[in-house]
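A.B. asks: These protein sequence lines map, in sequence, to chains U and E. So the first sequence is numbered by the UniProt record's numbering: it starts at 1 and just counts up by one. So the second sequence is numbered by the UniProt record's numbering: it starts at 1 and just counts up by one.
Don't read these hints as lab results, they were simulated from the structure. For each residue, glycine too, the CB sits at the ideal point set by N, CA and C. Mixed in with the good hints there might be a few duds.
Some but not every residue of chain E turned toward chain U, in silico, with C-beta under 8 Å [said to hold, decoys possible]:
{"id": "1", "residue": "78"}
{"id": "2", "residue": "99"}
{"id": "3", "residue": "310"}
Label-pair restraints from in silico Cβ distances [as the list claims (entries may be wrong)]:
{"id": "4", "chain 1": "E", "residue 1": "17", "chain 2": "U", "residue 2": "150", "range": "52 to 60 Å"}
{"id": "5", "chain 1": "U", "residue 1": "14", "chain 2": "E", "residue 2": "136", "range": "51 to 59 Å"}
{"id": "6", "chain 1": "U", "residue 1": "147", "chain 2": "E", "residue 2": "38", "range": "41 to 49 Å"}
{"id": "7", "chain 1": "E", "residue 1": "125", "chain 2": "U", "residue 2": "280", "range": "55 to 63 Å"}
If you want a taste of the chain U side facing chain E, the calculated C-beta under 10 Å gives, among others [what the hints assert, rightly or not]:
{"id": "8", "residue": "72"}
{"id": "9", "residue": "143"}
{"id": "10", "residue": "198"}
{"id": "11", "residue": "208"}
{"id": "12", "residue": "277"}
Take a look at the letters that make up each chain.
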Amino acid sequence: MTPSFKTRRRNGLLSALPLLLPAYAWLTLAIFLPLSAMVYFSLLSDIAPNAPSPSLTIENYATFFSDPLYATLLWRSLVLGLIVTLACLVIGFPAAYVLAKILKGRAREAIFLLVILPFWSNSLVRVFSWSMVLREGGILDTALNAVLPFEVTFDLIYSYPAVVIGLVHSYLPYMVLTCYLTLQAIDDALIEAARSLGASRLSALRRIVLPLAMPGMLAGSALIFIPVVGSFMEPRILGGRNGTLFGTVIEDQFTAVYNWPLGAALSFILLAVVLVILLAAAPVLRRTA
Amino acid sequence: MARVDVKNVSLSFGAYRALNDVSISFADGGFYALLGPSGSGKTTLLRMIAGFEYPDEGSILIGGEAVESVPVDKRRIGMVFQNYAIFPNMSVAENVAFGLRVRGEKGAGVEKAVSDALDLVQLGHLAKRRPHQLSGGQRQRVALARAIVTKPRVLLLDEPLSALDKGLRKDMQIELKRIQREVGVTTIFVTHDQDEALSISDRIGILKDGAIVQEGAPEEIYDRPRSEFAATFLGEANIIEGTAEGGRLTLENGVSIPLPQEAARSSGHLRCAIRPERVHVVPGGLASVNLSQAGTLTGIVRHKLFSGSLSTYSIDCDGRQFQAIVPRTGEDDIRMGSPVEVTWKKEDLIILA
Numbered sequence: 001m002t003p004s005f006k007t008r009r010r011n012g013l014l015s016a017l018p019l020l021l022p023a024y025a026w027l028t029l030a031i032f033l034p035l036s037a038m039v040y041f042s043l044l045s046d047i048a049p050n051a052p053s054p055s056l057t058i059e060n061y062a063t064f065f066s067d068p069l070y071a072t073l074l075w076r077s078l079v080l081g082l083i084v085t086l087a088c089l090v091i092g093f094p095a096a097y098v099l100a101k102i103l104k105g106r107a108r109e110a111i112f113l114l115v116i117l118p119f120w121s122n123s124l125v126r127v128f129s130w131s132m133v134l135r136e137g138g139i140l141d142t143a144l145n146a147v148l149p150f151e152v153t154f155d156l157i158y159s160y161p162a163v164v165i166g167l168v169h170s171y172l173p174y175m176v177l178t179c180y181l182t183l184q185a186i187d188d189a190l191i192e193a194a195r196s197l198g199a200s201r202l203s204a205l206r207r208i209v210l211p212l213a214m215p216g217m218l219a220g221s222a223l224i225f226i227p228v229v230g231s232f233m234e235p236r237i238l239g240g241r242n243g244t245l246f247g248t249v250i251e252d253q254f255t256a257v258y259n260w261p262l263g264a265a266l267s268f269i270l271l272a273v274v275l276v277i278l279l280a281a282a283p284v285l286r287r288t289a
Numbered sequence: 001m002a003r004v005d006v007k008n009v010s011l012s013f014g015a016y017r018a019l020n021d022v023s024i025s026f027a028d029g030g031f032y033a034l035l036g037p038s039g040s041g042k043t044t045l046l047r048m049i050a051g052f053e054y055p056d057e058g059s060i061l062i063g064g065e066a067v068e069s070v071p072v073d074k075r076r077i078g079m080v081f082q083n084y085a086i087f088p089n090m091s092v093a094e095n096v097a098f099g100l101r102v103r104g105e106k107g108a109g110v111e112k113a114v115s116d117a118l119d120l121v122q123l124g125h126l127a128k129r130r131p132h133q134l135s136g137g138q139r140q141r142v143a144l145a146r147a148i149v150t151k152p153r154v155l156l157l158d159e160p161l162s163a164l165d166k167g168l169r170k171d172m173q174i175e176l177k178r179i180q181r182e183v184g185v186t187t188i189f190v191t192h193d194q195d196e197a198l199s200i201s202d203r204i205g206i207l208k209d210g211a212i213v214q215e216g217a218p219e220e221i222y223d224r225p226r227s228e229f230a231a232t233f234l235g236e237a238n239i240i241e242g243t244a245e246g247g248r249l250t251l252e253n254g255v256s257i258p259l260p261q262e263a264a265r266s267s268g269h270l271r272c273a274i275r276p277e278r279v280h281v282v283p284g285g286l287a288s289v290n291l292s293q294a295g296t297l298t299g300i301v302r303h304k305l306f307s308g309s310l311s312t313y314s315i316d317c318d319g320r321q322f323q324a325i326v327p328r329t330g331e332d333d334i335r336m337g338s339p340v341e342v343t344w345k346k347e348d349l350i351i352l353a
């Protein structure tokens, strides 16, 4: 008897379900539920310890619009996000290019390791080590004065540049990695073809490499911009008084003032603003990707 | 258009010597094939003429002008890559226009040149397509149009047909030849496919281990290979060795065969080759040939490879396998295991160095 085969076209989604379920179950538990709780919190009136049972209100959202301080801080955070993202792009892309297109073998592995090395240490430790480098009488100050013939005072700690330096340091690897991945996928023959057609190195970079690497550059930018806009640790430790930003204010509501409803409301406003920015950028992203 | 001269060029990658004192000239408007096995240095030589590699020693002249230290973008060459290297972020027309645009050309002149180039490769109707919508053969044509639209002094092709399937490859060979003749550009073509080299080019340079083994017209190289490598790499060959004396060659098994006129005065150890299609197979070993004019060996038929119009026989002559190609004329009554005589005209014997 010949075996009979029954070919059955399975529903694609149904057969994929066992593979999708763990990830989506986790996402539901870890993000959706806490986020829903936060939505609830953001709509509560202040929950002081001895207050009567809280009631639902949109007052917390109204606070953002009534006090111009919040909008100013949000704007400061967005500008910081832009500066850090651009700095990462300018510093990270050339490094990724050298890694992907120029270095080979051992040298590439070694340099690549150096890029991801910061991931191996605790981020808080890294930020504190910067504070030792940047302060007056710190490592950088001492080293410069030991080398230079004239006296310089180098005191960046508790300044805006210190915040930028710390954040660029923290997020640079994301840019290098995403750019490296797209650059590596670009066939070297495309660059050679451009060169054979009369394009200089710079022209080949501008007309071929940059357009093809754009998806990686944009992905890296999104990966950096979003967390930087909400960052609070680097601004607090390295920026001090000058590091007051939207993220630090939100953190204050949770850890110092214990005004969770306002903190939650400000978080959602930040989320909404970032989403609007990403949506506005979506057509550009689609065109280049 | 220009002639290309490679003079005493050497290049090493670390301890590996990729090219060793290579000299070869490519005449203006000629169609050259650089043929060799992988690792022979043929692609390295091409990339050096293009300007992607610089020679350690020697010089490269395009149109009489030394270019060995000129960067690739200043050499005015056109190149077609093995995987075509079509820019995926541009349409077909934009790909072809690229070389003109980077030179700062603009306007109607560019459009005219692009549509002419696309018409030449018969792709005028696909100008607006994106590269991912094209078939392999179409990409090949786009790459060709892109390379010739800038009117290069020399066109370099790096195994351009190896990614195509067999039928398409034959069509593209004819097409490539037509386009090259129409444009008249000096063309250098790298391939490892001997049939392709024979059918497409005016001249062939055979490379082995970073050196030119032999260079000449296809018929010349095929009929008069100077080494066993050239004889066996370009086509099939039966190799015969023996001791020459008095215009005859005595083989290991004692059989004596006549040498062609050119080797009549040679003496000592000699290596010769005979092409399988120059060998006649006579069943039963009853050939009546003039032993002073024809070489003759006896043997037993061991294998037969039937390929339609021809059959290739493998004949065991005292332990040596002898290949013979016999056309299917209807008179080919050669049976497996039967004794046969193989004969050839003495002029068909090729003397190897």
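A.B. asks: State the violated hints by number, sorted upward, taking the hints as numbered earlier in the document.
C.D. replies: 3, 5, 6, 7, 8, 9 and 12
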